[in-house]
Amino acid sequence: MNTANETTLDGHNQGADNDHEHEPMPTGIKRWLFTTNHKDIGTLYLWFSFIMFLTGGAMAMVIRAELFQPGLQLVEPNFFNQMTTVHGLIMVFGAVMPAFTGLANWLIPMMIGAPDMALPRMNNWSFWILPFAFLILLSSLFMEGGGPNFGWTFYAPLSTTYSPDSTALFVFSVHIMGISSIMGAINVIVTIVNMRAPGMTWMKLPLFVWTWLITAFLLIAVMPVLAGVVTMVLTDKFFGTSFFDAAGGGDPVMFQHIFWFFGHPEVYIMILPSFGIISAIIPAFSRKRLFGYASMVYATASIAILSFLVWAHHMFTTGMPVFAELFFMYCTMLIAVPTGVKIFNWVATMWRGSITFETPMLFAIAFIILFTIGGFSGLMLAITPADFQYHDTYFVVAHFHYVLVTGAIFSIMAAAYYWLPKWTGHMYDERLAQWHFWSSVISVNVLFFPMHFLGLAGMPRRIPDYAIQFADVNQIVSIGGFAFGLAQLIFLAVVIKCIRGGKQAPAKPWEGSEGLEWTIPSPAPYHTFSTPPEIK
Amino acid sequence: MKHLLFSVLMMLFAPNLLATDMPLNMTQGVTEISSKVYHLHMVILYICCAIGVIVFGIMIYSMIHHRKSKGAVAANFHESTKVEIAWTVVPFIILIIMAIPATKTLIAMEDPSDADLTIKVTGSQWKWHYSYFDHDIDFFSILSTPREQIEGKEAKGEHYLLEVDKPLVLPINRKVRFLMTSDDVIHSWWVPAFAVKKDANPGFINEAWTKIDKAGTYRGQCAELCGKDHGFMPIVVEAVSEADFETWLASQQQLTEDKAQQAQAALNQTLSQPELMTLGEQVYLARCAACHQPNGMGLPGVFPGLVKSPITVGKVGAHIDIVVNGKPGTAMQAFANQLTATEIAAVVTYERNAWGNDTGDTVQAADIEKHGQQEAQ
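The listed protein sequences derive, respectively, from chains A and B.
If you number the first sequence the way this note's numbering does, the last residue is 541 and the count never jumps.
If you number the second sequence the way this note's numbering does, the last residue is 592 and the count never jumps.
Treat the hints as calculated values from the structure; they're not laboratory data.
Yeah, the Cβ is synthetic: ideal placement off N, Cα and C, and Gly gets one too.
Each statement offered as a hint is correct.
Below, simulated EDC-like cross-link-like pairs (lysine to aspartate or glutamate); rule was C-alpha separation at most 16 angstroms, straight line: (1) B/371 x A/477; (2) B/283 x A/516; (3) B/530 x B/582; (4) B/390 x B/247; (5) B/426 x B/331; (6) B/390 x B/329.
If you only want the chain B side, here are some residues facing chain A, beta carbon under 10 angstroms, derived: (7) 305; (8) 309; (9) 310; (10) 441.
The following block holds chain B by itself, in its conformation from the complex:
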């Protein structure tokens, strides 16, 4: 029977596991801490294996030699204070041996002081937002795997579900401090290569830090169930040399300025309805479709549909308002800081004319701006 068991297991595991490129063990990672964590993991694993070999070994020995069919007659002992004290004390000592390195590593991990760079990480359903302190750079980082790949209409790419439109860029050899928080539910920011996993709690700020030794691209995922698309909010970190990081910072600051100018210029632009619809559809599929669905039907009872809804065929002002400010107490986010005025105008136009809503309304960037000003008054 044991041979059968073994051969079945071998048949099931061997060919597949050899074919896959999945690592079978925890990553050593690319930071001093992640390496420490890996070694801690291995030490405990080996200790557990050793205990397992001894305990199961004794058990299997007695299963083989102390069986009735071999004529074994039961002995009569049923207690021994000495033995019982021994197997209470010995595990206790082993535990203390495990606890010492664990304590040291933990204390090192929980010391985010003297950081060179601070980044605020904000989770929201279902994307990450990164804000570089003292550099006036901030952006969203959103899954970039096309929907067609997820639905099986296209071949899946190499980094399927682990790719984003704009990765977090970090310098190597510098202590980076993360401040984690969330706009809605609890998320958890996890990059295995750094051994950093910290919950992003709404209304509270958590600290974590890392110091990367090696340039490269590192991927992770949200680790705390955060709703429907929990499996679709990856983390990608681009670790670059310090010089490259400075260059990147400069280019991003330039980009931020350019964008601000463009947005200003766009306020005076009037786009045609087809232009608005095209842009609107892009924005809608990237930002709105996760909840309201690509066909605008929503998920009844969870996310409201937009087809002929009082918002999308009602007053334009109310429609703009809910997109700009969100709806507190629900999953509807405020998009004022997530999208440009042009993008908001386009997506509102799209929602008012797609799926047979056919209101014929067009909304321009200037209308969004005007809405903001009215609010301020």
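Pulled out of the complex, with its shape left as it was, chain A reads as follows:
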């Protein structure tokens, strides 16, 4: 690794020289608008995602405030539905996915020893269309008739014949998000396939790179399906087609088939990169090599393939033939096998390690435990007869928030803490970060765990008011929600503090971490690996 280190430094110098010779780096807003640098674009993606996280979170606060007690207090049901819908859309397309793309931008070139992403101009464009997509979506909330109010799953005909006029804007913004994701995915694939440093063979790739490669293929496969289905919604609503209208020979259930053919792989798009992050952090703080690297790669690939065969488990109550129900139940249960392999591998990595508990590790451990709880409820949901009772209740809400918040988002937090020293050149405030972790992990469980009970007791999801028996538990959930929301402001404080200053971070701040990104100085120079490092 010594040679790699030296080459890197040389490479960096060359890069810097070139810069001076050709053009001075633009400053101010122009630097960010015209940047083609993977690190700048990564930073943009990460900040954008955090702003969206707070925006979507604010909507969740509105939801929880209304549900704090029975009765209609703060918002009208129609606005409540807009909040649940836009909260979902923003968190999925605005917070989680851009955060992963941001991490990919920052890390993939540094991890594979490439100077930048393969298609830097497209990279710029794929970021800069995103803010417009979300401006369009958010602006629809202020229009006559309000924004989308049909759930983030926008089932027809609620989203066609019965939707507000702003649906066209919703469709347009989803199209832009889709284009952005597809471009991001193409960039990731091209970069990984073509720009690995000499000697960086497939089975030496860090797992974050592997999981993102597979995620990118999933994105390219399913985002066009989403684009197709929103276009069908658009033409059904405005141009007189009848894809989803039985009166014209269509079928509303077909909407759900198409949507979930996108939607289920989408779920894995939001979790596979997490697996990569956790597979980097657990070994680093256990000071022990990742257990079962090869099986991790195969498990990720199997999950990705299976994700195309399980979409109808979201639709067991739509009236499918028994044969189809059985097929989708079995396939869904099968996903537990490769997912289990991953969990076991992480636990085996920790086993007989030499563990320390810095914040990234705390988030990673919380991820394993809480994501597994989400996995368990997922397995329960796979059992079709039981799903008839769980479906569309708070049990489902609890399930997908365990996999998305304590899964995807916790892994993003872990990644942020783990790589912040590399990005900023400073160590973050460990004490404040631990406050963030403990307040988050406690409040998130107060927020989501009781939702299991609400669902089992029979509370449907997406309702603005509920029977009085659900009142006490909803109050606890809301308190957890407010606390979790506030706790994220600590994260903002840690990040800002870390950018502004703090203890100087060495090139490799974590004793047990491995990978090319730790061979370059902290903060990572603007240009890295202009000359590829050699990997033995």
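Start from chain A and add chain B according to the hints.
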């Protein structure tokens, strides 16, 4: 830190959960199927808990004993084909063990053959309609919780949001088949005590069935987001003995006949404007206010307002027509089969004179009837 975590959780959960009467687990229900589903749920829950205890146990053990501060030195192993095959195969076997009872229960649930009674369940925004096949009985079932309770102006009743004006009445010990459909968006008919949840899809018919073991009142809710008042379309089922059911059927048939006669008689009646306005307001608040709002303002961009609108102050004929036939392609339903001619006349009169519309028009049941006849020609 763990003690702190535990005590905070205890403080938050214990007093509240003990005070509430909310069940914390899935209901066993009152049918053979719902009991099977409950047991299936418990088996999977226990299996998940067992796996959780083992996996988290090992993890926590290593977090305690393999930490650097205790002087732990990292071992060097990083793969073991035997172990990896074992933890692929063992979960697979556990899954097969789970799948066997699940498959059996599912096949039983999806067999609606040989039913004793068939009921068509039709969802629409935001009410349920029940039609008893071969008995000429059909009625709407609408939320009966007063608006004042929802808005917090009155204390909330025991069955807040889970009560209807007219429950579905079913016999116990008989296989009842449901045919589910919808008039507008997708709804989902769910009664937890029967473990029946089936989507009502517009233009298609879904089947489900139940056989209730115990008389009683069972409550459920629409489970699929169906628009603004999705949270306000409950389901109430009154399960009665077979003898009581026969009595109920007879009384309902009598009621249907009486109503038909009344409606016929009403055609020749002329009501005064105050009478029409009083009845009209009742009907309006029960049936129209959910969309057009109690003050007639509607929700701009979603549901049109009725104050000085071209319909309510324009020609009477067009107004009657839209109430009777609805407006295809919109949320405006056809009320011809939902309301009597008298009720339609009253609500049209109300809409034409309330909120400062002041057209002075009165519409009588006979006008509604006449409108229907003109249409037929």
